[in-house]
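Undergrad: Sequence:
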Amino acid sequence: MTLEVFALEAGRLAAIRAPLLAWYGREKRDLPWRRTSDPYAIWLSEVMLQQTQVSTVIPYWERFLARFPSVQALAAAPLDDVLAAWRGLGYYSRARNLHRAAQEVVAHFGGRFPSTAKALLTLPGFGRYTAGAVASIAFGEEAPLVDGNVARVLSRLFVVEGLPGDKAREARLWTLASALVKGERPGDFNQALMEHGATVCRPERPLCLLCPVRGACLAHQAGRVSELPPAKVRAPPKRLTLALAVWPHEGTLLFARRAEKGLFGGLWELPAVEVEPSTPDEEAALRLSEALEVPVTALDAIGTVKRQLTHRALTLYLLRVTGPHRPSRAKAFHELRWCTPAQAAELGMSTAMQRALDAALARGVLLNVAG
DNA sequence: CATTCGTGGCG
DNA sequence: TCGCCAAGAAT
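Numbering (our numbering), first residue to last: 1 to 371.
If you're looking for bench data, these hints aren't it; they were derived computationally from the structure.
In this text, a Cβ means the ideal position worked out from N, Cα and C, and glycines have one as well.
Everything hinted at is true.
Each computed PhoX-like pair below joins lysine-lysine, with the alpha-carbon atoms no more than 25 Å apart: (1) K182 x K167; (2) K118 x K182; (3) K167 x K118; (4) K167 x K232.
With beta-carbon atoms standing in for the labels, derived distance ranges: (5) G215 x H108: 41 to 49 Å; (6) R67 x P203: 28 to 36 Å; (7) R224 x R63: 39 to 47 Å; (8) G215 x P277: 54 to 62 Å.
Can you make the complete structure from the sequences, with help from the hints?
TA: Laid out in structure tokens, this is it:
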């Protein structure tokens, strides 16, 4: 508690706040969402930036805004179009929540975003971070935020101990962020904290010589910058093997839409069933037959695609198949559709599945090869 | 509180 | 090749 009082002492807060804000004014990157004051566009950037690098987001943000220029346009669009625009960006529940939140803003708030963090928190996909970000950046509320950058910066400035996820640590970080954000330009200050973490107070090899608040940094004084914060402890990824049906018919392939929840929720795929590694082709075909509710015969295995996700080691086993009855629906899948490659390119699909599809097409499964 | 959800970049 | 991690949220 003594440390708490010391850390939040007014002079110390000022010694951090003012230099950081001034540094941000001089050094901030010219990012596209910093050129707009449209809450919708700012919200979109915040959702896309969740667990995603700035350089990855920029082209998605620009394309998405061109296609859905307002919250009304987004709310009125079919979910499939939204997922297609999100294709390749990952964490697809963000896109579903974005779509739902847009509809709620239109239905319950007359198309205007609520302007406080507390009110924003009621919308799908708004957690504590995103609510604070939109409230402070778009509406100028003195609302705190803590993301990975801010957690690192504050844990160094104030020597906050504890592993990521530790309850006491999180509480302390939010308390610090709350105290610091109060004052002029809260949105700029929050962005200054994040910008500082992204460009100077980096995870590896931080640029302490260029740091505008080095003099106030307790970790720097103690020579502990490199050991704060401690790395997250991650469980080893689980293995998941899927057998994919590659079923050519008159220039099309069979596609299926996955269930809303879980891995790649709501996205399209080559119809997939989970199998054990090294499952014989005949058995994989039998599983696909059960899922598709029609007889399926394995022709040959045409490749394997491996993908490393954060919590999954994914193996996609491509099985060329055929059968006497072409299915148009099956309980195991939300929807079935026969698509040309051009049509498939317009579907919401994961990068993993895109790689599998590319591999199948590269094997010439749609070519009329006599053999 | 722990787990799950993607992808790409980097050393 | 591999581990780490990036403007987190939902369950």
